[in-house]
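These protein sequence lines map, in sequence, to chains E and S. Heads up: the first sequence begins at 1 in the numbering used here, then just goes up one per residue. Heads up: the second sequence begins at 1001 in the numbering used here, then just goes up one per residue.
Worth flagging that the hints you see were computed from the coordinates, not collected in a lab. A couple of the hints might just be wrong.
[Said to hold, decoys possible] Cβ pair distances, simulated, as ranges:
#, chain 1, residue 1, chain 2, residue 2, range
1, S, K1064, E, N94, 22 to 28 angstroms
2, S, P1008, E, D2, 47 to 53 angstroms
3, E, G16, S, N1070, 46 to 52 angstroms
4, S, Q1060, E, E69, 27 to 33 angstroms
5, E, E55, S, V1003, 24 to 30 angstroms
6, S, G1001, E, S7, 47 to 53 angstroms
7, S, S1083, E, T44, 32 to 38 angstroms
8, E, E15, S, S1054, 32 to 38 angstroms
9, S, Q1042, E, T44, 45 to 51 angstroms
10, S, K1020, E, V12, 17 to 23 angstroms
11, E, S51, S, T1080, 28 to 34 angstroms
12, S, Q1060, E, Q80, 36 to 42 angstroms
For every residue, glycine included, the Cβ atom is placed at its ideal position computed from N, Cα and C.
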Amino acid sequence: EDKVVQSPLSLVVHEGDTVTLNCSYEVTNFRSLLWYKQEKKAPTFLFMLTSSGIEKKSGRLSSILDKKELFSILNITATQTGDSAVYLCAVAPNAGNNRKLIWGLGTSLAVNP
Amino acid sequence: GAVVSQHPSWVICKSGTSVKIECRSLDFQATTMFWYRQFPKQSLMLMATSNEGSKATYEQGVEKDKFLINHASLTLSTLTVTSAHPEDSSFYICSARVNLNQPQHFGDGTRLSIL
């Protein structure tokens, strides 16, 4: 059965800390892995990863994919209180009707001032 | 770019009422749109997938006669919750995607409260 597992489930840090969020997957016919940030409303798109070893970066956030070991990490450096959110990882398979995303349960990050 | 607008953002109505939620892709054409439901502190639960001009594909356990989905154009999909009851109260979120090689982009969601 296809699955996506995120760890840790929750994390509390202080402003300025660096955090690493993990996402491992077991998916038949992998196509891409996506990271989203969800605050009080709906998720906002962060990164889409398709190739191993190529880091994607946006400001203080970065992510990388390892297709051999079947995982991805999301790094946030110099965290701010505005980074507090649930970070969701999802994998898009390359087969099946409409290629629906397989979602992890998310990592809840709280950044304290 | 890739903006998805969902309307209304909040609905409160009486039991037995039907409620329509709209999802529009504002600056791109969405081949596929998705409808999710989310309960507090839980992950997204996919309800159905709709392709423009085709009937929606519903997930197991989701009643298609209860949750009517229409995807009449490449920029608009609607979800109608028919004869809503308190147990239908939830956060409903739509997303839209250009094609398989692009990510899903989400609307802001609709909080539905049935009294």
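Verification of the supplied hints:
{"no.": "1", "hint": "S:K1064 with E:N94: 22 to 28 angstroms", "in the structure": "holds, 27 angstroms"}
{"no.": "2", "hint": "S:P1008 with E:D2: 47 to 53 angstroms", "in the structure": "violated, 34 angstroms"}
{"no.": "3", "hint": "E:G16 with S:N1070: 46 to 52 angstroms", "in the structure": "holds, 49 angstroms"}
{"no.": "4", "hint": "S:Q1060 with E:E69: 27 to 33 angstroms", "in the structure": "holds, 32 angstroms"}
{"no.": "5", "hint": "E:E55 with S:V1003: 24 to 30 angstroms", "in the structure": "holds, 27 angstroms"}
{"no.": "6", "hint": "S:G1001 with E:S7: 47 to 53 angstroms", "in the structure": "violated, 32 angstroms"}
{"no.": "7", "hint": "S:S1083 with E:T44: 32 to 38 angstroms", "in the structure": "holds, 33 angstroms"}
{"no.": "8", "hint": "E:E15 with S:S1054: 32 to 38 angstroms", "in the structure": "violated, 48 angstroms"}
{"no.": "9", "hint": "S:Q1042 with E:T44: 45 to 51 angstroms", "in the structure": "violated, 18 angstroms"}
{"no.": "10", "hint": "S:K1020 with E:V12: 17 to 23 angstroms", "in the structure": "violated, 40 angstroms"}
{"no.": "11", "hint": "E:S51 with S:T1080: 28 to 34 angstroms", "in the structure": "violated, 41 angstroms"}
{"no.": "12", "hint": "S:Q1060 with E:Q80: 36 to 42 angstroms", "in the structure": "holds, 41 angstroms"}
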